[in-house]
Amino acid sequence: MNDGWLCIFKDNSRMKVTEGYNPNVVSTNLPKWPHYFHEEEEHEKDREYYRVGDAVIIYNEQMEETKTLDLPYSLLDTYCHVAEPVRHLKDFTQNCIMTLDDSQNFFTTFIQGLFTHKLLRNRRGFINDKPPTEKSQFIDIGVNICTTNENTKNCQKIQNDTAIPNEGCWKLDIYIHHNFTNLTAIDVFLTCSSENDFDEQDIVSFNVKFLQKNETLSTATRVSGKFGYKVGLPIITGKYVPVVESAEDNGKVFIINYFHNNATIREAFKSISLPKSVSGACTNRSSDAVNFHENSLTQCSIAISNSSGLTADTNYTNVCDALQRTVFHYLINDENFAGKFELHVSELGWPLNVSSNWIQIEAKNFENRQVMGSYNADTNSFRCQNMLLSVRYEFTTARVTLNGVQHQNVVKKVAAEFGNRVDLHFKLEEDLTLPVYMYVMFHDATSSDSPRQCPFPIQLNIFLVTFVVAFYSKYSMYNA
1 MNDGWLCIFK DNSRMKVTEG YNPNVVSTNL PKWPHYFHEE EEHEKDREYY
51 RVGDAVIIYN EQMEETKTLD LPYSLLDTYC HVAEPVRHLK DFTQNCIMTL
101 DDSQNFFTTF IQGLFTHKLL RNRRGFINDK PPTEKSQFID IGVNICTTNE
151 NTKNCQKIQN DTAIPNEGCW KLDIYIHHNF TNLTAIDVFL TCSSENDFDE
201 QDIVSFNVKF LQKNETLSTA TRVSGKFGYK VGLPIITGKY VPVVESAEDN
251 GKVFIINYFH NNATIREAFK SISLPKSVSG ACTNRSSDAV NFHENSLTQC
301 SIAISNSSGL TADTNYTNVC DALQRTVFHY LINDENFAGK FELHVSELGW
351 PLNVSSNWIQ IEAKNFENRQ VMGSYNADTN SFRCQNMLLS VRYEFTTARV
401 TLNGVQHQNV VKKVAAEFGN RVDLHFKLEE DLTLPVYMYV MFHDATSSDS
451 PRQCPFPIQL NIFLVTFVVA FYSKYSMYNA
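With the UniProt record's numbering, letter number 137 in the sequence shown gets 137, and the count goes up by one each step, no holes.
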């Protein structure tokens with residue numbers, strides 16, 4: 001090459017072998033350190049009540065057998081290899097990459113098994129391995145199937161296993177009610193999508209939540225401390241919406257949707273979503289929320305779904321504009337973003353319906369330049385100009401005294417800084433994909449231990465170097 005660099009990249013990492021989910025491998029059967037407290041073990045055999053960490057037990061009336069309620073679990077990576085018992089008062093969340101066949105086989109077998117089992121209220125029926133005799137020991141398991149599309153979610157309780165969907169299921173939620181020593185109720189929700197947009201492998205989510213006896217799903221929302229945030233809990237967001245919808249703009253009264261009476265509106269903008277990656281591709285399902293003081297860097301790739309239909313007569317400005325809207329959807333959850341965020345962040349972990357306690361996200365380094373597309377017949381390629389591919393959310397926090405309570409974590413400022421706009425070149429005969437980056441960083445302004453933060457443009461250059469290398473090696477990026 002004249003006046004240029006020829007770079008050859010090779011991945012020298014060892015090939016990683018991943019095995020599918022095997023329900024016969026249970027973590028309780030794996031080797032463990034020996035237990036030397038034999039006196040405690042003898043005493044535990046006579047205990048009738050559940051204690052924190054005990055495996056939750058279900059009972060098959062037909063077979064007169066007891067077993068633990070098990071869910072897939074990952075020991076090392078994003079693939080689930082073993083089954084782990086649900087444990088008393090231990091909320092559980094696990095995301096696994098599973099093949100369509102593995103996930104559907106698991107959900108079908110799991111839901112079918114629930115109709116032949118009942119939950120044991122306590123350990124009384126498990127003492128000395130004798131089957132329970134009192135009907136009051138058994139709790140019926142409620143099974144609900146939820147179907148989702150782009151905008152709605154509908155759940156319906158089913159009475160038998162014939163109503164289980166054949167495909168498209170990706171999330172399992174289990175809610176167990178308790179009075180701390182005994183279980184009182186259990187409800188299972190299987191979420192399936194009515195849209196056939198599943199890949200060969202996808203993220204499957206398993207969630208278990210323990211609720212007190214009188215709690216409901218609507219009252220069991222996880223919140224932070226007395227006033228401030230707790231580390232690891234979601235950042236709470238909201239958006240100003242009209243209290244009452246009307247055709248006239250004049251006289252409208254607005255409220256943060258977090259406090260709206262309509263449940264659908266209230267739940268719409270409760271947190272900032274992090275995109276998930278399945279085999280390197282961005283996915284809408286099982287997205288995580290931005291949690292207080294948890295820094296993260298998320299990378300995934302976006303593909304142009306109709307690449308095979310692109311021709312010389314295609315309007316490539318529309319193609320590039322659609323691709324930019326998709327990028328904004330994953331990065332800021334607003335496809336039509338034009339430089340001003342409508343989203344506000346709650347200063348407090350316990351939100352108040354006071355405007356001064358809600359902070360509007362500030363957009364930085366956003367030049368409102370139009371995305372342009374053009375076709376080059378000589379190289380059979382097209383170019384997208386002025387594309388934005390990365391954003392960094394920076395949260396400035398503080399520890400303050402609120403209403404006489406010390407050491408309350410609050411959010412003082414939120415900024416979303418965008419990377420530089422870039423021009424992209426694509427060859428029509430190649431797969432049309434591009435990586436996007438979302439970086440989240442927290443800085444405690446009141447802590448002397450906070451590290452010095454590198455200016456964003458420097459960190460962004462690292463992202464762009466990675467991006468440019470990827471395009472040189474895979475997508476033939478040319479000079480404009």
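No wet-lab data here; the hints were simulated from the structure.
The model shown is predicted, which means the values in this text are computed figures rather than measured ones.
Virtual Cβ for every residue (Gly too), placed ideally from N, Cα, C.
Careful: at least some of the hints might be erroneous.
[Said to hold, decoys possible] The list that follows gives simulated cross-link-like pairs (lysine to any residue, SDA-like), each with its CA atoms no further than 20 Å apart:
(1) K209 <-> K413
(2) K364 <-> N386
(3) K276 <-> F92
(4) K412 <-> E200
(5) K135 <-> E84
(6) K340 <-> K276
(7) K276 <-> L100
(8) K276 <-> E200
(9) K413 <-> N386
(10) K118 <-> M63
[Said to hold, decoys possible] What follows is a set of in silico ranges between Cβ atoms, one per label pair, in the way DEER data are often shown:
(11) A338 <-> E429: 47 to 57 Å
(12) S74 <-> Q212: 23 to 33 Å
(13) S355 <-> N160: 46 to 56 Å
(14) V243 <-> A312: 47 to 57 Å
(15) S296 <-> T184: 15 to 25 Å
(16) V243 <-> N318: 49 to 59 Å
(17) A281 <-> T116: 29 to 39 Å
(18) F92 <-> Y49: 19 to 29 Å
(19) T181 <-> K67: 41 to 51 Å
(20) K226 <-> S374: 54 to 64 Å
(21) T116 <-> S296: 37 to 47 Å
Results of checking the hints against the structure:
At most 20 Å may separate the alpha-carbon atoms for a hinted pair to count; K209 and K413 exceed this at roughly 32 Å. Of the pairs offered as hints, the one joining K364 and N386 holds, with about 16 Å between alpha carbons and a cut-off of 20 Å not exceeded. Annotation: proposed proximity of K276 to F92 holds, straight-line Cα distance about 19 Å (limit 20 Å). Of the pairs offered as hints, the one joining K412 and E200 is violated, with about 43 Å between alpha carbons and a cut-off of 20 Å exceeded.
In summary, the hint linking K135 to E84 is not supported, as the alpha carbons are separated by about 28 Å, beyond the 20 Å threshold. About 25 Å separates the Cα atoms of K340 and K276, which puts this hinted pair outside 20 Å; it is violated. Note on K276 and L100: the hinted pairing holds, with a Cα-Cα distance of about 17 Å set against a maximum of 20 Å. Among the hinted pairs, K276 with E200 is consistent with the structure: their alpha-carbon atoms are about 16 Å apart, no more than 20 Å.
Of the supplied pair hints, the one linking K413 and N386 is violated, its CA atoms being roughly 28 Å apart against a limit of 20 Å. Distance hint between K118 and M63 is fulfilled; the C-alpha atoms sit about 12 Å from each other, no more than 20 Å. Restraint check, A338 to E429: a C-beta distance of roughly 34 Å breaks the suggested window 47 to 57 Å. At about 29 Å, the CB distance of S74 to Q212 agrees with the hint of 23 to 33 Å.
Between S355 and N160 the C-beta distance comes to about 51 Å, which sits within the given range of 46 to 56 Å. Distance hint check for V243 and A312: the Cβ-Cβ separation is about 52 Å, which falls inside the suggested range of 47 to 57 Å. The given range of 15 to 25 Å is broken by S296 and T184, whose C-beta atoms sit roughly 37 Å from each other. Remark: the range hint 49 to 59 Å for V243 to N318 is contradicted by a beta-carbon distance near 37 Å.
Between A281 and T116, the C-beta spacing of about 38 Å keeps the proposed range 29 to 39 Å intact. Between F92 and Y49, the C-beta spacing of about 21 Å keeps the proposed range 19 to 29 Å intact. For T181 paired with K67, a C-beta distance near 21 Å fails the hint of 41 to 51 Å. Taking 54 to 64 Å as the suggested C-beta distance range, the pair K226 and S374 conforms, at roughly 57 Å.
At about 42 Å, the beta-carbon gap between T116 and S296 stays in the expected band of 37 to 47 Å.
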